[in-house]
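Based on the sequences and whatever the hints tell you, model everything.
Residue numbers (my numbering), protein chains in the order written: chain H, 1 to 326; chain A, 1001 to 1140; chain Y, 2001 to 2275; chain G, 3001 to 3311; chain B, 4001 to 4765.
To be clear, the hints were calculated from the coordinates, so they are not data collected in a lab.
For each residue, glycine too, the CB sits at the ideal point set by N, CA and C.
Each hint should be verified, as a subset may be incorrect.
[Said to hold, decoys possible] Residues on chain G that point at chain H, a partial pick, calculated with CB under 10 Å: (1) Glu3031; (2) Asn3033; (3) Thr3054; (4) Leu3055; (5) Thr3059; (6) Met3130; (7) Gly3133; (8) Glu3199; (9) Arg3203; (10) Glu3209; (11) Val3210; (12) Glu3217; (13) Ser3224; (14) Glu3230; (15) Asp3234; (16) Cys3263.
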Amino acid sequence: MKKIPKAEFIKELSKWGKIFFRTDEGFLENNELSNRRLSKPPKKFVIPQEEIYLLFYRPEQKIVQKEIFRKEEKKVIFGLYPCDAKSIELIGLNFLKDPKDPYYVKRRESLLLVTEACTYPSTHCFCTSLGDSPFDRRGDIFAFGMKDYYLAEPLSDRGREAILWDKFANATEDDGKLLEKAKKEIEKSLEQFDFKNIHKILYQKYKDKIWDELAFKCVNCGACTFYCPTCYCFDVQDVERTNWGYRERVWDSCMFIIYSLETSGHNPRSAKMTRLRNRVMHKFAYYQTSYGEYGCVGCGRCIDICPVGFDIRETLKTLKLEAGHD
Amino acid sequence: MEEKEPKILTFLCNWCSYAAADLTGTSRIQYPPNVKVIRVPCSGRVNPQFLVKAFHDGVNGVWVSGCHLGDCHYTEGNYYAQRRFLIIKSLLEYVGIESERIHFSWISASEGKKFADIATKVTEDLKKLDSSPVVLAKKR
Amino acid sequence: MINPYKAEVATLVRNNFESDDRAIKTIYLEFENGKKMEYIPGQFCELSVFGKGEAPFGIASSPTEEGKVLEFTANRAGLVTKALHETEIGEEIGIRGPLGNGFPISKFTHHNLVIIGGGFAFTTLRSLLVFALHNRSDFGNIDVIYGAREPGLLIYKNEFKKWRERGDVNIYLTVDKEFPGWKGRVGFVPQVVGEIAPSEKDAYAVICGPPVMINFTLPVMLKLGFARDKIYTSLEKRMKCGIGKCGRCNIWSKYVCKDGPVFSFAEIEELPEEH
Amino acid sequence: MDKKIIELLKEKLENGEIEGVLGFERKQYPEKNGVIFVNHSEGLKRIADSLFNTLNIATYLGKLKGKKVAVLVRGCEERAINMLSVENQLNREELFLIGLPCQGIVNIRKVKSLYKGEIKNIEEKDRLIMVEGDKGKIEISVSKVLSNSCLDCQRPTSPTADINIEGDTISPNADFLKVKEIESLSFPDRWEIFKNEFELCIRCYSCREVCPLCYCETCFVDSSDPQWVEPGKDVSDIASFHLIRMLHMAGRCVGCGACEIACPEGIKLSYLTSKIAKDVKEAFNYESGLTATQKPALSEFKQNDKGEFIL
Amino acid sequence: IKRGYCSSVCCMYSTKEALITKEHAPDTETSIFYMDMRAYGKDFDKYIKRAESEYGVRYVRSRISEVEEDLKTHNLKIKYETDDGKLASEEFEMIVLSVGLEAPKSAKEIAEKFNIQLNSYNFAKTSTFEPLQTSRPGIFVGGAFSGPKDVPETVAQASGVAAEASSILSEVRGSLVTEKEYPPEIDVSGEAPRIGVFVCHCGINIGGVVDVPSIVEWVKTLPSVVYAEDNMYTCSQDTQNKIKEVIEKYKLNRVIVASCTPRTHEPLFQETIKEAGLSRYLFEMANIRDQDSWVHMHSKDLATEKAKDLVRMAVYKSRLLEALKEYSVPVNKRALVIGGGVSGMNAALTLSGMGYNVSIVEKDNELGGNFRKIRKTTTGEDVRNYLKTLINRVEKDPNIDLFKNNEIEKVEGYVGNYKTYLKGKDEPIEHGVMIIATGATEYIPTEYHYGENENIIVQHELEDKLENGEITGKETVVMIQCVGSRSDEHPWCSRVCCSRAVRNATELAEKGSQVFVLYRDIRTYGFREELYENARKKGVIFVRYDEDTPPDVSMVNDKIFVKVGDPILKIILEIEPDYLVLSNGITPSIKENEGIAKLYKVPLNEDGFFLEAHVKLRPVDFATEGVFLAGLAHSPKFVDESIAQAKAAAGRAAIILAKDNIITAGTIANVNLSKCIGCGLCADVCLYSAVSLVEKKIFGKVKKVAEVNPALCKGCGTCTATCRPNAIDLYGFSNQEITDVVSGIIAERRKVDDLNSAESLVRGF
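Here you go:
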């Protein structure tokens, strides 16, 4: 752990790439960190909402195809909270398994994630309930903001190579204590629900009638999925012009009826409840089964944004309670 | 490839306005070639969505013409059309599509002259906009 | 890095209607560079008509067939299938594949094979059947039970005739109802399976068809003594990427495109009813 | 909720006249208020009136098809129910409607723009709301944070409820000030406004899903034959979606404003919904949902309809 | 030859001409000089009012004495006597004479050849009760040959005559028909479109302006076009053969002709491709003559460019065309007639004569309707005798079932297959067509103290008195016309009252009574003008009054006093009549009509009479197929006109009954069941009741969805624009087809020259 004067840290990082700071309006270049969790997740840095990835041109009968890769300038994402840094890793679990998704890979390579310890959790945050912490070391570099300094340490090769760490003084023991103290305080301020084994309950409760009640509020809009930092589902569509066209992928949502609608008209998840259940199951059970991690970082954005007052914490709590009674 | 001449998507009902366009021809009345006619059975067939899509796709103007009220081959089609057209015209203008781009008319089968006059007006109105792009048009 | 989303281009060399209502058509594709695709029966490809979109189709040809032609049979239902049907010979089609797991051929080898199909879902079954016939000595008895609503909707009719003439495979064709000119069996597939009662001894079964048919055939098979892990099927789901990324084809934690589409009923029993 | 009403509902629940009651539940963070379906009399106390009940309760009736339900409704909600009845989506006979005196709904976004901190608690009292959080406590007059749609409300009371709870309501003015302001601008200036709004859209379709009258199974936006709206974030496509949706709402929209408040991006959908309300009002002297038989404005006509715009 | 008749059409004709003049040249001042404005037909008075108030046509009631030319200006000067007897003169630039109609020159020759009698004006002689029958059985007459008449009467008579002829020929119906045979239709579904394009020079009509050969070369580069050629005349017979050959040789499955207008030539080319085995719905046309070469003659380049646009649009649409299905629906060969009056009975007898079964539903327990109140026709025929015979014939007719004292409760079905349930009966009447002949009601006056004095009576009461010999010939009688007609509440002319009053006045005058007829316009059109002339000869005094100054009727001790201002004599007449006879009008039976209108989904006009499909050209049809109209339910009229209409309705109905099946058009609405949400808005806007909501099971769920009845759908597409999920669409003009044609318009703009420019478009945003 190094102790680096704020201005110098920024200056050093800017040598790696253009710096984008966490601001109230999102990650911008304007050098002012906001003091709250961003309303929008950072996933667009690895999976933009719209990605045109294939061009085709048909002069006559023969088709010419071309892959499109956008040139990605190097970006330092500065001030990412650990939960958001984790979300990019979680998305990576999907996109980096074989066959690798070259678009994720290229984008991720162009990013230097500088995580800042989260000292301003929002009312709906629940990362600790999932076994995470607002002070988790995630991303390429971890930083903890103090008055004039950052306590910082590299976490990945990219982080290690990004700046000349040796230039800077090591953090003192007191600094470390300060950090630990802050960590404990913040963690304590968060309500603890303990969802650590929720996947077992979910598999057990999958067919329970309780789901109808749990899903009653939900109208199956896609707001939660689009605001979720770990939702990565996409749709692939072609757009046709006179003698050319392109293929693109765009964010999709498992909440939409068309998401799983088959051409025949059959839809395995035609009932609204089944779509909500699949989303909850995917986050808290299937992801766990596939990767050993929950597909949720507890950022609470879905709770913030839900237009109908659906609260995932309540849902999981209810399920836990129900299972306890069984 | 950008063409200079504006293109005007024109819906004509089969029974009155399309016949009027034919009569304009038989009478050899001249008008600008910008109107591109789609024949439809009735102005009531014209879904206002077509207008949104057409502007999105890049046509410069839209003109829909049907039978005079009371003369509709299907009796009432143009009455419904009239309500729809009022709404779509008002809505598109409201978001910033110039009124010069959206026209509606009733032209009977005998009004060849009227057809030519309106075709001319519609084209000239559009040309007044001085090739400014349609705000709703997709750029790729 | 290989871009798994990029399609290769193949040329449509031949096509023919399979059903009398012309809603089912078989298309034959060949790579321009003469490449031969390596695949196993039961796998599928994402075919694309550029500008219309991509859709998954089970490979109907067998890797053992001569030439470099890939065969697909498509029912005209959506945008892409319509465009595929209306592709002229000589035109190009995008192809990504082979995708999915395919049938567990190694398990099947040296066993009897019961192939049960319904409607236009005989495509990958054709692949499997042709594969087995080309490696006839590697398999024991082969029973094929295939049915459709009416005679005009049975696909691969000419081939069935040839297969039957071979004498080393038992072909049972059936239609749902009596039909003028139809002299074969009449009855729904599950019922016919019950009548024929293929033996479970040393046998693997593969069932592909509409969900209703599968739902009614499975109990018949179980009653005949087939173990769930010796009955396979190929699941249909809405797919987009075909490589387990886009998310939509999941059943529980499995992705049909990547972990499937071939599953044994032992595996399916574990999964919920979302298929 | 009013005691007499609770008694009445209890009775109806117990004698089986109704199978349940649909209403809103008040939460600590009132923006999290949600709709609940109560099918036993103890649950009735959960139902509460609040300025933050921003959804249109009619949206939930689709989930209760075939059930005899009592519903607490405001004017716009009941008009939506009437509209759904006209469009064969529900059986009005199965519903027992209790008309609430509507004081409008609050747009939490407006509250947040007045209170910059992290909100921990909100209380409602009379025409004031008290906000408390890490930046202290403030009082805000409801009129300052009223939903835009309520500013253009034509009819706060429910026109055909089975019983009505007496009480003060917001005054219906329907002067469409914002619409008039936009109408007075030049075409490029108008587009500037809407372009900025549309560019915010992430196509989550919250507006559509919370709308009681957007009940199609396959939305036109998902159609490929033809593809009315192309995928992606291009403003032309987003605009097409919202404009066509408005066409579908014209003469049907009840002006509840649920879409605007639901929108996570805060798009001013009321600019559009108020516009179509104003147009049908001015051109056809029409208000949607006044009765359970009145057809949508675009599904009827009068011989003397306005047609000056036609050449 | 003396022309003592009114030509019946000139008043309205000149009004129409004046109105059209105003439309074309709004600054023109048009004046119509007239004596009586004979706007007696349905909605005619409204038309005149519109001409006057909306278009500013000036009406001058006058007698013209002289027209002379101003030698300097060459203007024409009209001298005339005004309404109030003054002489006036006015100058005009043009005078249009409203000349009357006369019998054709060849009338005598025709009459001699066919041995039929003519009347004194050389029109074919007919009678009131057999208005279509000449003096010789087997020879019928329709239209103006039996007297001047307006379009709707002519059209009705024509249909009626056809029905009469058909009755005689009913036994041999269909025996000479040979069906054209076509090769079996080639199924092209699921095939790539292979389009052939034929571009027509039309002599120099197109070729002189549009560069036709360059279009042919260019069109070959468009997707799916496999063949293109140009023709001097694509419509010529040898080109038709060529088209057929090319279809076969190139395996075309779509054909486009770029030439003139589809409105005239589409059927020809459709027939051609049908002969080549292709469905006629696989044809598309590009109108590059009427809407291109003829209207852009001076800009050949632009005309050629536009022709390309039009052809490309056709190609884009053509790719999506499908061989549409035409359905065959069997026809139930029974007719239902609602109303057992003269119209209803005549319609029923005519249908029965043609060999069809008929059911008559009459609400009273007696047949005859309004006619039971009448004793004589205006021309003096005995009504009761006729009615007795008529009723007798109906009651004895084995083909006719009578349901007296019955009302209709419920109707199901559509053309060819109706089920009508009568009140209190479970078994419906099944029928293929129906004729509405529900009649109308006599207006019961509320004005002029009617009902307060036993000597204030209406015309039919006067007729009773005449018949009973209560009239001695010493009475003074005042008749007031237009009672309950042409007023604000009843803005129509009841058509028959003038003639009836004139006839009754004549009879009174012949007895020696002093008769005053107070009128607004005397509308004794046609040969009834003779009655008017005769009445004046017999000393009946006609006094005109204006709408604003109606006669003033007062009573003092049971004595009646009538005051009326005569605009001609400019004096106020005061009369103390023994009888005041009100010429009361005819009003629709609104309640009954509204009921029937709802049951059969047919419209009423704003007055409450039934509204026919087209006032001129389809006078007895409704827009809804299989429902027809006759008699007073349509509008007030004379009995001969009612009879002609009844026979016309029967004739029109028989067209459907003669068919075993109804073949529906392919271009109709259709519903995508998985998209449909059952909101029913499509059904709400369908005038033809072709769309209804039904419950169906879709993917295991029962839901309400829209269903189109192909037999009823006319293909207007109004429903499609109400459908938010685009579940209901129109074959032949589908959403996809239309949006693709739009793509055709802007195709050139959405083209790129190479892959790089495509890439820059994509990367640019």
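Cross-check of the supplied hints:
no.	hint	in the structure
1	Glu3031	holds, 8 Å
2	Asn3033	holds, 6 Å
3	Thr3054	holds, 8 Å
4	Leu3055	holds, 6 Å
5	Thr3059	holds, 6 Å
6	Met3130	violated, 17 Å
7	Gly3133	holds, 9 Å
8	Glu3199	violated, 12 Å
9	Arg3203	holds, 8 Å
10	Glu3209	holds, 4 Å
11	Val3210	holds, 5 Å
12	Glu3217	holds, 7 Å
13	Ser3224	holds, 9 Å
14	Glu3230	holds, 5 Å
15	Asp3234	holds, 8 Å
16	Cys3263	holds, 8 Å
Hints 6 and 8 from the earlier list are contradicted by this structure; the remaining hints agree with it.
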